[in-house]
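Colleague: Modelling step: build the complete structure from the supplied sequences, incorporating the hints.
Next come the chains, spelled out residue by residue.
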Amino acid sequence: MNTKPLLSVAFLTLFFAPISGCNQPARVVTDNRDKIVSIDQIDVQDWSNAADQVLQQLFASGALDAAPIKPARIEVTRVVNDTTQRIDTDLLTQKIKIALQQSGKVAFASSDARANEVADYRDFKAGDDAPRLPFFVINGKILEIRATAGSTKQSSFIFQLNLVNTAESIDAWSGEAEVTKQGTRNAKNSRG
Amino acid sequence: MRSVITRTLLFSTVLLVGCYANTMTSTQQIRKDGWLSSYANVRVIRETKVSDDLLRVDVEVENTQPFNARFNYKFEFFDAEGRLLFSPTSGYLQEQVAAGAFSTVTATASDPRAADFRLTLTNAN
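Heads up: the sequence lines are chains A and B, in that order.
The first sequence: position 143 = 143 (the working numbering), numbered continuously.
Take the position in the second sequence, starting the count at 1, then add 192; the result is the number in the working numbering.
Derived by calculation from the structure, the hints in this document are not laboratory data.
All figures in this text were calculated on a predicted structure; none of them were measured in a lab.
Glycine included, every Cβ here is placed at the ideal spot set by N, Cα and C.
Some hints here could point you the wrong way.
[Stated by the list, open to error] With a straight-line Cα cutoff of 20 Å, these simulated EDC-like cross-link-like pairs (lysine to aspartate or glutamate) come out: (1) A:97 to A:40; (2) A:70 to B:303; (3) B:266 to A:178; (4) A:141 to A:88; (5) A:141 to A:117; (6) A:97 to B:303; (7) A:181 to B:287; (8) A:141 to A:65; (9) A:97 to B:239; (10) A:70 to B:268; (11) A:35 to B:245; (12) A:141 to A:112; (13) A:70 to B:245; (14) A:181 to A:40; (15) B:266 to B:244; (16) A:188 to A:65; (17) B:241 to B:303; (18) B:241 to B:287; (19) B:266 to A:34; (20) A:153 to A:43; (21) A:181 to A:31; (22) A:70 to A:168; (23) A:181 to A:82; (24) B:266 to B:250; (25) A:181 to A:43; (26) A:97 to A:34; (27) B:266 to A:31; (28) B:241 to A:82; (29) A:35 to A:178; (30) B:266 to B:239; (31) A:188 to A:43; (32) B:241 to B:268; (33) B:266 to A:43; (34) B:266 to B:303; (35) A:153 to A:178; (36) A:188 to A:40; (37) A:188 to B:287.
[As the list claims (entries may be wrong)] Label-pair ranges, simulated between beta-carbon atoms: (38) A:113 to B:220: 44 to 54 Å; (39) A:115 to B:235: 43 to 53 Å; (40) B:291 to A:113: 49 to 59 Å.
Modeller: Here it is, written out as structure tokens:
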């Protein structure tokens, strides 16, 4: 019996199996545990984590209940990016905006120029010249702290937010969230 | 004969390991898998209202193992009719708990319609 073809098939199988095993076809990832964990940058799941932390602090504080009218008018003014990365802070503020709107306690002032123009015109027609002032303003800052120990790298991202009561010009609430990641290299997931 | 015994033992082991990995202990509100099924005691569940009408849940999880552990958890909120409420911040979060220590995981529903919750605890080690 000629065993050469069988040996060739066995060799090819052994050679190509590990290579094909390394290739991962693209897939949609919906579970946070399967998302890539980067040591030195803010991952998509970190934004949710940070937003969740600050929202829980904000709701627990009861600061939103100080408004005389509900929903209270609110605006996000500025969230400063003090990290080494180029990031769009809307990734944080939009999540906070959605959750706060869901709560029914606040209504966000639109930043749409046309919408403001129409509202101004309607106010003018109605003889109402009072400016639409927000009762609350949200501002904040995102910071980064890095550390290394041997080959282990660590990045901490700090998300600071303030809720300003514009009637008294005081910080009615201040919150902070932290996301710290550590390792020698990025991981495909956080399942361990 | 020896090979039959070996195979039987191997098969039993595989079966037992498989069963353990798939074990899911579950109540209506709290689901656990992996080592959490046996070594994570849920000690206290507190349901309170914050900011007038928002449901807040605090769950104390005890690690009964003699070493530090890590787990993932996810809260989901439901309205009175059992419909899942959307949250922009939903998803698994990770928590570390020291040997024999407690860790409190919390969540606040951003939707005042939230009437019930489900907490899923999964192994992260």
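Colleague: Going through the numbered hints above, which ones does this structure break? Give me the numbers in ascending order.
Modeller: Violated hints (numbers, rising): 1, 5, 8, 9, 10, 11, 12, 15, 16, 18, 26 and 28; every other hint is consistent with the structure.
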